[in-house]
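These protein sequences, in sequence, are chains A and B. Per the working numbering, the first sequence runs over residues 104 to 310. Per the working numbering, the second sequence runs over residues 179 to 551.
Treat the hints as calculated values from the structure; they're not laboratory data. Remember, it's a predicted structure, so these values are computed and weren't measured experimentally. One or more of the hints may lead you astray.
[As the list claims (entries may be wrong)] Covered by chain A, per the in silico footprint, the following chain B stretches (three or more residues, Cβ under 8 Å):
| no. | stretch |
| --- | --- |
| 1 | 207-218 |
| 2 | 299-313 |
| 3 | 433-439 |
| 4 | 485-492 |
[Stated by the list, open to error] What follows is a set of in silico ranges between Cβ atoms, one per label pair, in the way DEER data are often shown:
| no. | chain 1 | residue 1 | chain 2 | residue 2 | range |
| --- | --- | --- | --- | --- | --- |
| 5 | A | G301 | B | A410 | 15 to 23 Å |
| 6 | B | L529 | A | F181 | 54 to 62 Å |
| 7 | A | L272 | B | S468 | 25 to 33 Å |
Using N, Cα and C, we set each Cβ at its ideal position, and we do this for glycine too.
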Amino acid sequence: MLRKLPLYICFVFGTFMLAQFFIPHPVSTALYKMVLDWVQIIYALSLLVGAAMLIKHHTLIASKPVAKDRQYSLIVLFGIFIMIITGLFFGRGNKTVFLWIFNNIQAPMQATMFSLLSFFVASAAYRGFRARNAQSVFLLGAAIIVMLGKVPIGDMITPYIPQSADWLLNVPSMAARRGIYIGIALGTIATSLRVILGIERTYLGGK
Amino acid sequence: MKTLILVIIITFLLLPICAFGGVSAIDTPNDDGESITIIWNPDSIPSNNLKLTRVKIERRTSSESGWEEIGVAPFSQRTFIDDAADDGIDYVYRLLFTGENGKALIYRTEAVHSSAQIFNTKRINVLIGIIICIFVLLYYIYRSQKGRQFYVRPIPGLQAVEEAVGRATELGKPVLYSAGRGNMQRVATIASMTVLSSVAEKTAEYNIPLIFPNNDAVVTAVAQEVVYDAYAKTGHPDRYKEDDIFYLTDSQFGYAAAVDGIMLRRKPATNLFMGTFEAESLILAETGNSIGAIQIAGTDSTIQLSFFIVACDYVLIGEEYFAASGYLSQDPMILGSLKGQDMLKVVVGVLILLGALAVTFGFTGFLDIFSIG
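Bound-form chain A, shown alone:
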C-alpha cells in the first residue's frame, strides 16, 4: 500500500493536469491554481530540507580532523552562519551588512563564474571547429559564415554574408532543431504516460 499510494496520487494528479487543459470552467482553474500553490509550498519546504542537508553534510566533513577538503566545508558553514546572523539580527533591507555581503561577495562571484563561460566557449569552439574531416570542414565553413554574418564586418565585406548566415540559421539549422524538438516532445509524452500509468516508477526508488 505504501508503494501503491504514490502511484495512485500520481495517476489522479497527472490525469487532472491533463484534463484541466481542456476545461475552462472556474472550478478547474481554481483547482489548477491550488495545485500550483501546493507546488510552491513544497518548494519552500524543500529549501529548508536543502539547508538542513547542506549543514549536515558539511558539519560531517568539518568534524573529521583528517578530512582532505575540510577547509571548504568550514568556509561553507562560516558563510551560512554569517548570513543567518546578519539576516536575522541586522535586517535585510538597503544599507545592511546582509545586502552588502550579497552585492559585494556573492554577486561578483556568480558574475565571475558566468564570465568564465566566454573562455570555455572559445576552447570548445576551437575543438569543435578543427578541420579533421569533410564534415568538420563543412561545420567550420558554416560557423565562419554565421560568425561573420552576425558582426558588422560581414555586411561590409558583402551583404550576402549576413543573408547566408540568416539562411543557415533559419533553414537547415531550424529544420534540425525542429526534428530534435519533435523527438523530445514525443519522448516527453511517452515518459509522462508511463509515469501516469505507473509503468515508470524508478523515481519512487524502485523498479
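With chain A held as given, fit chain B onto it using these hints.
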C-alpha cells in the same frame, strides 16, 4: 449629455431603426464565464452614407430600465467583449453607431447571459492528438506485454555507460553524476533518475564511489532513495554512502562552481550529465574535459546540446535521452512505448509532408486544423 440625447432623438426620427439586425450578443465561447461577446457586422448595417466610425456599447439587465455605458470601440472592430458580466443574469445590449457628422444608429440585442464552459472546443484538435498518442503507445505496450520483442537500435551513448564505469573502476576513481538544474516536476529529471538507477547498479557492483552533487533538495532526496535501492538490488547496500549524494545550492553558478571544484579535487574518471541544463552546461563539460574524464551527456535542452557535443565524448540527442530508461532496463513495457514513440514519429512525419504539400499548392486551410485556441 444633452447633445447626445438630441442626436439620439434625431436619429430615431430620421433613420430607420433596425433592432437585432446585424448585431448580436453571445455567451463568449470556451471561457470560464463572466464574459459576453457583442458582435456587429458592418456589411449588414445600413449606414446611409453616415461614415460610421465608432460604436458605443451600453447594457442593462432585463429588470433594469436605465442603460449603463460599458465601452466604446471602433466601428471596424466588429466585436466587443463585456468581461464584467455576472453569470446567469440576462443582459440586453444597446449599440450606438456614430458617424463623422455625429449622427447615430441604434441597435439592440436580444437578452443573453454568460456561463462557464466545461470543454474548450478550440482545443479539440489537441485532445484528438493526445488520444491518438495514448492509443498508439498503449497498443504497443500491450503488444509488448503479450511477448512481442521490439528491436531498439544501439545507442552509443548508453552503450558507453558500461565502458565509462569500467574505466573508473580500472583507475580507481569515482563516477560523477549531475542531473543539472531541473526540478522533480520535469520529465527530463524523471528520465535522469532511471539512468541514475542503472549507473548506481554498476558502481555498486564495481565498488566505486558515485558522487551526485545536486541543486534541488527534492531531487537529492529522490536520488538518495534511487541509489540506495540500486545498491540494495545488487546485494551491496553496505557500499551505499548517503554523503556522496548531497545538496549543494539553488544558485546556478554557485552549483557550477561547486561541481567544478569537486571535479578538480576528486578527479572523477567519468562524468555523466543527464537532465535539464542551462548556461552551466559548458562550464561543467569543459572542466570535465580538462581533467580527462570520459563524459556522457543527455538533455532535453536543445540549446545546450551543441555545447555538450563539442565537450563530451557521447551525447544522447532528443528522444535518445528518453529512450535511455527502456534501453538500460530492457523492461518490455517501456520498450513497447519506445516503439509507439517511433510510430508516432512516422505519423508526425507524414503530417509535416502533407502540410508542406498543402501549403505549396495553396491549401492553407490544412494549417487551421493545427491551430490551438
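Is the gap between the beta carbons of A:L272 and B:S468 within 25 to 33 Å? holds, 30 Å
Coverage of the stretch 207-218 of chain B by chain A, judged on three or more residues with CB within 8 Å: Holds: 4 residues of the stretch 207-218 of chain B have a Cβ under 8 Å from chain A.
Proximity test - 8 Å, beta-carbon atoms, the stretch 299-313 of chain B to chain A, at least three hits: It holds, with 6 qualifying residues against the three required.
Three residues minimum, CB to CB under 8 Å: does the stretch 433-439 of chain B make the cut for coverage by chain A? Let me know. holds (count 3)
Does the Cβ distance between B:L529 and A:F181 fall inside 54 to 62 Å? holds, 59 Å
Using C-beta distances, would you say chain A covers the stretch 485-492 of chain B, given that this needs three or more residues below 8 Å? holds (count 4)
Is it true that A:G301 and B:A410 lie within 15 to 23 Å of each other by Cβ? At 21 Å between Cβs, range holds.
Against the hints set out earlier in the document, no violation occurs for any number.
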